[in-house]
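Trainee: Here the structure of chain A is known, so what remains is to put chains B and C in place on it, guided by the hints.
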Amino acid sequence: MKVTLFIPCFVDLFYPQVGVAMVRILEKLGHTVACPAGPACCGQPAFNTGYWEESRDVAIKVLESLQSAEVVVIASGSCGAMLKVFYPELFAGTKHEAMARELAPRCYEFSAFLVNKLGVTDLGASFPHRVTFHDGCHGLRELNNQRPPRELMAKVRGLELVEMGAAETCCGFGGTFSAKFPMISTAMGEVKCASALETSAEYIVSCDSSCLMQIQGLIDRQRQPIKTIHLAEILVQQ
Amino acid sequence: MSTPAARFNQDARRLSADLRHRQIIQTAMGNYEVVRDQRKAAFQDWQGARQMAAETKWEAVNHLDRHLEQLARNLEARGAKVHWAGTAQEARDLILGILRARNARVIVKSKAMTSEEIHLNEAMEQAGYEVVESDLGEFIVQLRQEPPYHIVFPAMHLTRDEIKDVFQRKLGDAPSNNPEELTMVARRVLREKYLQADVGITGANFAIAETGMISITENEGNARLTAALPRTMITLVGIEKVLPRLEDLALFLPMLAAMGTGQTLTCYNTLYGGPRQPGETDGPEEYHVVLLDNHRTALLADAEQRDSLHCIRCGACLNVCPIFRNVGGHTYGTTYCGPIGAVITPNLRGVSDWKHLSYASSLCGACTETCPVKINLHHHLLQNRRNASRQQPSWWQKIAFKAFAPVATKPALWSLVTQMGRLGQKLHGLVKGGRLDPAYAWTKTRDLPPIAQQTFREWWRTRS
Amino acid sequence: MSERDIPARIREALAVAAPVPGNGHGTARPTPTQPSAADQRRVLPAVGPSFDQQLALFRKNAAELRADFRLCKDLDELAAELKRLGAAEGWQRAASHGGELTGAACRALGLPALLTDQPFDKRELAGCDVGISDCDALVAQTGSAVVTSRSAGGRALSVLPPHHVVLARREQLVPDLPAAFALLKSKYGAGYPSMISFITGPSRTGDIERILVLGAHGPKKLTILCL
Numbered sequence: 006m007k008v009t010l011f012i013p014c015f016v017d018l019f020y021p022q023v024g025v026a027m028v029r030i031l032e033k034l035g036h037t038v039a040c041p042a043g044p045a046c047c048g049q050p051a052f053n054t055g056y057w058e059e060s061r062d063v064a065i066k067v068l069e070s071l072q073s074a075e076v077v078v079i080a081s082g083s084c085g086a087m088l089k090v091f092y093p094e095l096f097a098g099t100k101h102e103a104m105a106r107e108l109a110p111r112c113y114e115f116s117a118f119l120v121n122k123l124g125v126t127d128l129g130a131s132f133p134h135r136v137t138f139h140d141g142c143h144g145l146r147e148l149n150n151q152r153p154p155r156e157l158m159a160k161v162r163g164l165e166l167v168e169m170g171a172a173e174t175c176c177g178f179g180g181t182f183s184a185k186f187p188m189i190s191t192a193m194g195e196v197k198c199a200s201a202l203e204t205s206a207e208y209i210v211s212c213d214s215s216c217l218m219q220i221q222g223l224i225d226r227q228r229q230p231i232k233t234i235h236l237a238e239i240l241v242q243q
Numbered sequence: 013m014s015t016p017a018a019r020f021n022q023d024a025r026r027l028s029a030d031l032r033h034r035q036i037i038q039t040a041m042g043n044y045e046v047v048r049d050q051r052k053a054a055f056q057d058w059q060g061a062r063q064m065a066a067e068t069k070w071e072a073v074n075h076l077d078r079h080l081e082q083l084a085r086n087l088e089a090r091g092a093k094v095h096w097a098g099t100a101q102e103a104r105d106l107i108l109g110i111l112r113a114r115n116a117r118v119i120v121k122s123k124a125m126t127s128e129e130i131h132l133n134e135a136m137e138q139a140g141y142e143v144v145e146s147d148l149g150e151f152i153v154q155l156r157q158e159p160p161y162h163i164v165f166p167a168m169h170l171t172r173d174e175i176k177d178v179f180q181r182k183l184g185d186a187p188s189n190n191p192e193e194l195t196m197v198a199r200r201v202l203r204e205k206y207l208q209a210d211v212g213i214t215g216a217n218f219a220i221a222e223t224g225m226i227s228i229t230e231n232e233g234n235a236r237l238t239a240a241l242p243r244t245m246i247t248l249v250g251i252e253k254v255l256p257r258l259e260d261l262a263l264f265l266p267m268l269a270a271m272g273t274g275q276t277l278t279c280y281n282t283l284y285g286g287p288r289q290p291g292e293t294d295g296p297e298e299y300h301v302v303l304l305d306n307h308r309t310a311l312l313a314d315a316e317q318r319d320s321l322h323c324i325r326c327g328a329c330l331n332v333c334p335i336f337r338n339v340g341g342h343t344y345g346t347t348y349c350g351p352i353g354a355v356i357t358p359n360l361r362g363v364s365d366w367k368h369l370s371y372a373s374s375l376c377g378a379c380t381e382t383c384p385v386k387i388n389l390h391h392h393l394l395q396n397r398r399n400a401s402r403q404q405p406s407w408w409q410k411i412a413f414k415a416f417a418p419v420a421t422k423p424a425l426w427s428l429v430t431q432m433g434r435l436g437q438k439l440h441g442l443v444k445g446g447r448l449d450p451a452y453a454w455t456k457t458r459d460l461p462p463i464a465q466q467t468f469r470e471w472w473r474t475r476s
Numbered sequence: 123m124s125e126r127d128i129p130a131r132i133r134e135a136l137a138v139a140a141p142v143p144g145n146g147h148g149t150a151r152p153t154p155t156q157p158s159a160a161d162q163r164r165v166l167p168a169v170g171p172s173f174d175q176q177l178a179l180f181r182k183n184a185a186e187l188r189a190d191f192r193l194c195k196d197l198d199e200l201a202a203e204l205k206r207l208g209a210a211e212g213w214q215r216a217a218s219h220g221g222e223l224t225g226a227a228c229r230a231l232g233l234p235a236l237l238t239d240q241p242f243d244k245r246e247l248a249g250c251d252v253g254i255s256d257c258d259a260l261v262a263q264t265g266s267a268v269v270t271s272r273s274a275g276g277r278a279l280s281v282l283p284p285h286h287v288v289l290a291r292r293e294q295l296v297p298d299l300p301a302a303f304a305l306l307k308s309k310y311g312a313g314y315p316s317m318i319s320f321i322t323g324p325s326r327t328g329d330i331e332r333i334l335v336l337g338a339h340g341p342k343k344l345t346i347l348c349l
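The listed protein sequences derive, respectively, from chains A, B and C. If you're matching positions, the first sequence starts at 6 in our numbering and goes up one per residue. If you're matching positions, the second sequence starts at 13 in our numbering and goes up one per residue. If you're matching positions, the third sequence starts at 123 in our numbering and goes up one per residue.
Treat the hints as calculated values from the structure; they're not laboratory data. Misleading hints may appear alongside valid ones.
To be verified - A few chain B residues that face chain C, going by a derived Cβ cut-off under 7 angstroms, partial list only: (1) N43; (2) E45; (3) A61; (4) D77; (5) A167; (6) N231; (7) D305; (8) D319; (9) L428.
To be verified - In silico DMTMM-like cross-links for lysine to aspartate or glutamate, where the CA-CA straight-line distance does not exceed 25 angstroms: (10) A/K185 / B/D30; (11) C/K309 / B/E88; (12) C/K195 / C/E211; (13) B/K414 / A/E69; (14) B/K414 / A/E58; (15) C/K244 / B/E297; (16) B/K414 / A/E102; (17) B/K422 / A/E75; (18) B/K414 / A/E94; (19) C/K342 / B/D185; (20) B/K93 / C/E293; (21) B/K422 / A/E58; (22) C/K244 / B/E298; (23) C/K244 / B/D449; (24) C/K195 / C/E222; (25) A/K185 / B/D449; (26) B/K456 / A/D225; (27) C/K182 / B/D49; (28) C/K309 / B/E292; (29) C/K182 / C/E293; (30) C/K205 / C/E293; (31) B/K52 / C/E331; (32) B/K52 / A/E168; (33) C/K307 / B/D49; (34) B/K444 / A/D225; (35) C/K342 / B/D173; (36) A/K185 / B/D459; (37) C/K244 / B/E204.
No experiment lies behind these values; they were computed from the predicted model shown. Here a beta-carbon is modelled for each residue, glycine too, at the ideal position from N, C-alpha and C.
Same shape as in the complex, but just chain A (with noise of 0.2 angstroms):
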């Protein structure tokens, strides 16, 4: 099938390799993909601090972009549960409303397509490292995707998963939260890594580029003996 890959801005700017290897995936199982050229944010910054006006000027070209795709994959969780949950509430009572509501069931989170909609958890992936994984708060709360990456982490040959215990806890990036309140944000990443390092695992892994910045960050500053690695990343790895 033809399949629209939404790439958001951070994984755009700083993390390309994650949206790179997510065409890789797709192509190799078969699929066209197309990456819209316009919008390259879905609006959430402003949405999230209380802007809907201006977050709707940002998400209508989204919407517009999307208007005719078979199905969108998003390449981050809180970017789809921006385009999935949050974009109906951003436009209610507006004239765009129905299409917001119609774009919803077309959209998925990278791991959730390959598991739940494409059916496909083996992609032949190799990754013999100790990994923990992380999950990020909107992929988890708002679009139940606990389960999609770990089926999909079974199959990597090699790969050895050790649950942290904060596993589900918020990594405190949140958005425009972890510049307004950096002490809070700093002590919830450093909860999160003080978690993860217990594991011994080489790796922290998620399907959220955005909390990897977060996690990442505190991880080079305070010189962690850990790595941060996309989901995508492991998974296009023979």
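Mentor: Relative to chain A, chains B and C alone:
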């Protein structure tokens, strides 16, 4: 005089870096989580119970006038006096009036968050009454002259040594720092106060409309004594605490116990329907129930956020909130802390001064997930942010977001900004981590990733 | 003034309907029906249907709560248990109320007893070592004893003395909370006592470093003797 927002930032900054304080909360919450999960697992259908409780509260709150009137009638039929207090001032005046009429001197109180909300203790003390908090945690923080730290565990931030210290200073009686011995000291002191007190003031967990009863949940027995020994009893209760029927408690009492403290049922769950009845030989001669509005009707009028009045004050949302767990209860600087506090406080105390609480959240949604009555807490935080920015827009943010729209939606502009960003990052190295750094909020404690040599869009363009 | 204001303000506020909290994004019934006891039983913790299972559950709950539960085969055994307990605890003065079971119990104890069904001095009650009362029900699901100000000697008897002894009959064992509330309604619906209390274990607190301490203000010890 600094603003609540400035004080919040100051306290949050100090406490998020206080590893000892963070450890105390983490330990307490860790223990709580184990028993809470056991209690939830004992339910045959916990999610079904949440839905049932949510629907019962919807019925109670969305027909509140009818249920309150029935509650009042049934209480009055048994000789209780029901008072309606529109504001905090009215509630204080009503209660002080009762104290005067009953010639009170010593007042014993059991836990009532509403009394914190209306600053009742200060008013009574200023009027010359002796006021003693009987709940052990409240008793301790009263001695330390600080507000409660958590709506269920008022003294959770204190060590046994700190408690021994204040008992020594204020009571002159602290045999050791052993929790049991300290508790016995409080027991001895308070026993005397129960016997001396002229008036007992309680809060309420629920108010049963059908039978006209106030339901009080506690572990210590201090509310039972407050309601048994003094000649006059006063219950201060928020109007939203109503439940329609007596049997609704069969669901709510175990749910409150599970989420509040991880118990099957709290030690004493007691229903009070009036003063001493004919044939009874003890209990108060007079029973006054003060129904408190204090901006609750304003929240009621907001249909979008009306369900925040469903709250049963179990504290579960505080316990799962990563913000609460890192800054603690005092940082919020107001009666109701944690997620529910962040939702209702701007609406109860003013958007201008308190909207920052709704912003101090990463919107992780753990609160909504755990709430036993399914309040859509984190969505309400988003709605509060929207309402705040409509009422009092921050112009530079508005302009920034407006300017962001074409940048984010026109490929040429995005491309330009990407180039500028790369250049900016090279220069950023000069100011990084210092006061001139525009990204200081981030870079003070974290590294920033570099913009990629080739962004995804740049790579995508090379393919076609 | 506020008496008329507040209900009027409420009615005005409720003019706009609020959505019923749903099973995720608005899938709830438009106007929910109130749950029946059967509905509640489907979600609450399970309770076995037989008396023996319920008795076992009550016993288990009581043990976890550190409440001392003893089953007695007849009144003589109950009296003997109470006397043994009194000697072991060193009771010197008891408090109780009139009644068949309580009367027999107090006679067996043979201690001076303050009766709370006549006017009494609360300081005298505070000086008693034990309060002995009847109850309205025992609840298997939670390990609770249900008392009221009418059936159990008033409000203070079951909470002021440092030891509370509850006297029950096995017919008073009900399976769960829905059954307990149904019983209260049928027994007292025509005129409720001013206080009804579900007592679930001896008094306790965790307010100091979350360490469990018994006997915070209410009784440190709770004994349930069941005929």
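Trainee: Now tell me if each hint is right for this structure.
Mentor: Evaluated hints:
With its C-beta approaching chain C no nearer than about 6 angstroms, B/N43 sits inside the 7 angstroms limit, and its interface hint holds. Hint status for B/E45 relative to chain C: violated, with the closest Cβ pair at about 12 angstroms, above 7 angstroms. Evaluation of the B/A61 hint against chain C yields a held restraint, the C-beta minimum of about 4 angstroms falling below 7 angstroms. Residue-level restraint check for B/D77 holds (minimum Cβ-Cβ distance to chain C is 4 angstroms; threshold 7 angstroms).
The closest approach between the C-beta of B/A167 and any C-beta of chain C is roughly 5 angstroms, which is under the 7 angstroms cut-off, so the hint is satisfied. Hint on B/N231 holds. Least Cβ distance to chain C is approximately 5 angstroms, under the 7 angstroms limit. For B/D305, the interface hint holds, the least distance from its beta-carbon to any beta-carbon of chain C being 5 angstroms, beneath 7 angstroms. For B/D319, the interface hint holds, the least distance from its beta-carbon to any beta-carbon of chain C being 6 angstroms, beneath 7 angstroms.
Among the interface hints, the one on B/L428 is violated; its C-beta lies about 39 angstroms from the nearest C-beta in chain C, farther than the 7 angstroms criterion. A C-alpha spacing of about 19 angstroms is found between A/K185 and B/D30, which places the hinted pair at or below 25 angstroms, so the restraint holds. A threshold of 25 angstroms between alpha carbons decides the hint, and for C/K309 with B/E88 the separation of about 21 angstroms falls inside it, so the pair holds. Pair hint C/K195 plus C/E211 holds up; C-alpha atoms about 23 angstroms apart against a cutoff of 25 angstroms.
For a cut-off of 25 angstroms, the pair hint linking B/K414 to A/E69 stands: about 19 angstroms separates their Cα positions. Pair hint B/K414 plus A/E58 holds up; C-alpha atoms about 9 angstroms apart against a cutoff of 25 angstroms. Proposed proximity of C/K244 and B/E297 is supported: the alpha carbons are some 15 angstroms apart, at most 25 angstroms. In summary, the hint linking B/K414 to A/E102 is supported, as the alpha carbons are separated by about 21 angstroms, within the 25 angstroms threshold.
Restraint check for B/K422 and A/E75: satisfied, since their Cα atoms lie roughly 23 angstroms apart, inside the 25 angstroms limit. Note on B/K414 and A/E94: the hinted pairing holds, with a Cα-Cα distance of about 20 angstroms set against a maximum of 25 angstroms. With a C-alpha separation of about 21 angstroms, the suggested pair C/K342 and B/D185 falls inside the 25 angstroms cut-off, and the hint holds. Simply put, B/K93 and C/E293 have alpha-carbon atoms about 38 angstroms apart, too far for the 25 angstroms limit, and the pair is violated.
Our distance criterion of 25 angstroms between C-alpha atoms is met by B/K422 and A/E58, whose separation comes to about 18 angstroms. About 17 angstroms separates the Cα atoms of C/K244 and B/E298, which keeps this hinted pair within 25 angstroms; it holds. The hinted pair formed by C/K244 and B/D449 fails the criterion: a straight-line CA distance of about 70 angstroms is larger than 25 angstroms. A distance of roughly 17 angstroms separates the Cα atoms of C/K195 and C/E222; the hinted pair therefore holds under the 25 angstroms criterion.
Taking the CA atoms of A/K185 and B/D449, the gap is near 15 angstroms; set against the 25 angstroms cutoff, the hint holds. With a CA separation close to 13 angstroms, the supplied pair B/K456 and A/D225 stays within the 25 angstroms bound. Note on C/K182 and B/D49: the hinted pairing holds, with a Cα-Cα distance of about 19 angstroms set against a maximum of 25 angstroms. Under the criterion of a C-alpha separation no larger than 25 angstroms, the hint pairing C/K309 with B/E292 is consistent with the structure, at around 17 angstroms.
With a CA separation close to 18 angstroms, the supplied pair C/K182 and C/E293 stays within the 25 angstroms bound. As the CA atoms of C/K205 and C/E293 are separated by approximately 24 angstroms, the hinted pair is consistent with the 25 angstroms bound. Between the alpha carbons of B/K52 and C/E331 the distance comes to roughly 24 angstroms, so the proposed pair stays at or under 25 angstroms and holds. Straight-line distance between C-alpha atoms of B/K52 and A/E168 comes to about 22 angstroms, which keeps the hinted pair within the 25 angstroms bound.
With a C-alpha separation of about 32 angstroms, the suggested pairing of C/K307 with B/D49 is violated against the 25 angstroms cut-off. Taking the CA atoms of B/K444 and A/D225, the gap is about 15 angstroms. The hint holds against a cut of 25 angstroms. For the hint linking C/K342 to B/D173, the alpha-carbon distance of about 24 angstroms falls within 25 angstroms, and the restraint holds. Of the supplied pair hints, the one linking A/K185 and B/D459 holds, its CA atoms being roughly 17 angstroms apart against a limit of 25 angstroms.
Note on C/K244 and B/E204: the hinted pairing holds, with a Cα-Cα distance of about 11 angstroms set against a maximum of 25 angstroms.
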